[in-house]
Amino acid sequence: MRIVSADTGGAVLDENYNPIGLIATAAVLVEKPYRTATLSIVKYSNPFDYDLSGRTALKDEALLGLKLARKVKPDVIHLDSSLGGIEVRKLDDPTIDALRISDRGKAIWHELSKDLQPLAKRFWEETGIEILAIGKESVAVRIAELYAGIYSVKWGIEYAMKEGFVRIGLPRYMTVEITENKIVGKSLDPREGGLYGEIPIEKIDTDWEIYPNPVARMFMVFEAKI
Amino acid sequence: MRIVSADTGGAVLDENYNPIGLIATAAVLVEKPYRTATLSIVKYSNPFDYDLSGRTALKDEALLGLKLARKVKPDVIHLDSSLGGIEVRKLDDPTIDALRISDRGKAIWHELSKDLQPLAKRFWEETGIEILAIGKESVAVRIAELYAGIYSVKWGIEYAMKEGFVRIGLPRYMTVEITENKIVGKSLDPREGGLYGEIPIEKIDTDWEIYPNPVARMFMVFEAKI
Amino acid sequence: MRIVSADTGGAVLDENYNPIGLIATAAVLVEKPYRTATLSIVKYSNPFDYDLSGRTALKDEALLGLKLARKVKPDVIHLDSSLGGIEVRKLDDPTIDALRISDRGKAIWHELSKDLQPLAKRFWEETGIEILAIGKESVAVRIAELYAGIYSVKWGIEYAMKEGFVRIGLPRYMTVEITENKIVGKSLDPREGGLYGEIPIEKIDTDWEIYPNPVARMFMVFEAKI
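Residue numbers (the working numbering), protein chains in the order written: chain U, 17 to 242; chain Y, 17 to 242; chain H, 17 to 242.
Isolated chain U, as found in the complex (with noise of 0.2 Å):
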């Protein structure tokens, strides 16, 4: 099975650890054996101006997520979405409503499924491609957050230098390691089976470091200076 998926992470974090924007949205192509991905790339947001409060990060997933999907044709496009792996092009209102959901999942899936469900059904008429809403049941989805985290912290090691400081809360319990010329991102996880990506970068001369975010227990923090 060849599978896209998309997720959104890695978050700039004010000195009390709670975080400003995020940063990187991933796309991956995951296959068999899955524990990384094969294919990746990003979209990079602006923290620093950024709405927390908002709904863009499923939206701009989608999109990245298509766009990695005809390039490659998977067999199924998976969201960060968790309503049991239903086909995003059959939620209209109806379907919707009738999800077992709470009321604030419902309201916020009727205003999303106005620009998804169109999407995908196009999508769908066109390439036979589905895009599921499986959620955290999905390990595509999983190594596609760990992807979102490294591209974080690439962008984080090229603002330090410019910048002279950066502090990036990671994803939900991944560290990462940095070598001569990659990131490497690791679940902390034993349990997901050994997920983990990894992104080539040039050789790098800020001082970093990882360390439990002390007011989020199993997230991490990353920091680099120069």
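Any given hint might turn out to be false.
Same chains, same names: a pair is fine if it fits in one copy or spans any two.
Keeping only pairs whose Cα atoms sit at most 25 Å apart, straight-line, the calculated BS3-like set for lysine-lysine is [as the list claims (entries may be wrong)]:
{"hint": "1", "residue 1": "87", "residue 2": "241"}
{"hint": "2", "residue 1": "122", "residue 2": "87"}
{"hint": "3", "residue 1": "48", "residue 2": "241"}
{"hint": "4", "residue 1": "130", "residue 2": "202"}
{"hint": "5", "residue 1": "202", "residue 2": "48"}
{"hint": "6", "residue 1": "202", "residue 2": "152"}
No lab work stands behind these hints: they were computed from the structure. Here the structure is a predicted model, which is why all the values come from computation and not from measurement.
Starting from the known structure of chain U, arrange chains Y and H on it as the hints suggest.
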């Protein structure tokens, strides 16, 4: 404390990684220090003719647990149903109605208790051994789950040697290793404190691999082919 | 950020692994990189005369946290109550009623706040230091929990040297190691990013072992005997 427990697990998967039917019910004797079983027995189902919507698993588990318990005389029997450790012999209809569980859970137990309650009562009267509905709180239940996975892999190897190929979904966050003369199954959750199991096998000549189930995060897939 | 936190844990267990009473309340100072404590103090309870149904733990924790905070002047105090990080000095009755917690949780806090709210208010007026009800989100609370477990083991060793035997239930998914001159406690959850604690001890001559609590999955038992 000497505990007998039983659990069902391991599923033949189709090419989309969806379960077709369950493979093995294992009963185990667990003794201090409670990290593995000192004795185990198995009852195989036919995964290609299995009613996944049915409730036969818990009844099978109770019967297999009783079979082992008659032999080894444990202090207690643990069943995989999370009712807070209540004695199954006390599960009459008013008691079930008073449980803090979902209406669906109550309906299932009203049905199940018709068989299990008299069985548990008689066994307790004869032996003084209680059958508890303790579920996920019990380390013995988890070890039984690991053994169900290990026996499923044993079944899978034999199936693959006859049929050429098998794809099995293991119980939650566990993995297996096959050595010259045994199958070892290990919990992937270090919080459980190192739970594992092993059973002897003949030397095998199939290729096998383990990888994450892409549509069921935290579950591993075992594949074997000749 | 310099954080003081406090937590209670470690329980004497009976022969069926049920808790008799809690052993230790630990207060810790946690500083960057937030993986362990730079300072810790302990207050022992009498586990053989302990009201497990009572709510004395949180009050004890607040008082011990304040004691340490007066000495080390942290930026903030974290209590083990998951109210989303609200300031305890603001917990008057209307605010408690407006919290999104269970009715039982509200009843407990209506009672608790009679003592804790004026205490927190006065401390904040004197020092500017907030006491937050942050609970499981806080790494500092988790480190305090690890120290409560470590101090419980220290108490247990001394108890076993006098009485011959002790059986202690440690806080959730943590383990301990005893070396020549210290007790080291470690989180068993790698998602937390390597949290641990240690306290010095005299050389001991008791036998000890750690194993999973068979009736409380993810909790370890510490036993010592001479």
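Verification of the supplied hints:
1. 87 - 241: Intra 37 Å, inter 32 Å, cutoff 25 Å: neither.
2. 122 - 87: Neither. Shortest intra-copy (32 Å) and inter-copy (50 Å) distances fail the 25 Å Cα cut-off.
3. 48 - 241: For residue 48 and residue 241, the Cα distance is within 25 Å only across copies (16 Å; inside one copy 38 Å).
4. 130 - 202: For residue 130 and residue 202, neither the intra-copy (36 Å) nor the inter-copy (46 Å) Cα distance is at most 25 Å.
5. 202 - 48: This pair counts as both: shortest intra-copy Cα distance 18 Å, inter-copy 22 Å.
6. 202 - 152: both (17 Å within a copy, 23 Å between copies)
Hint compliance for this structure: hints 1, 2 and 4 are broken, all remaining hints hold.
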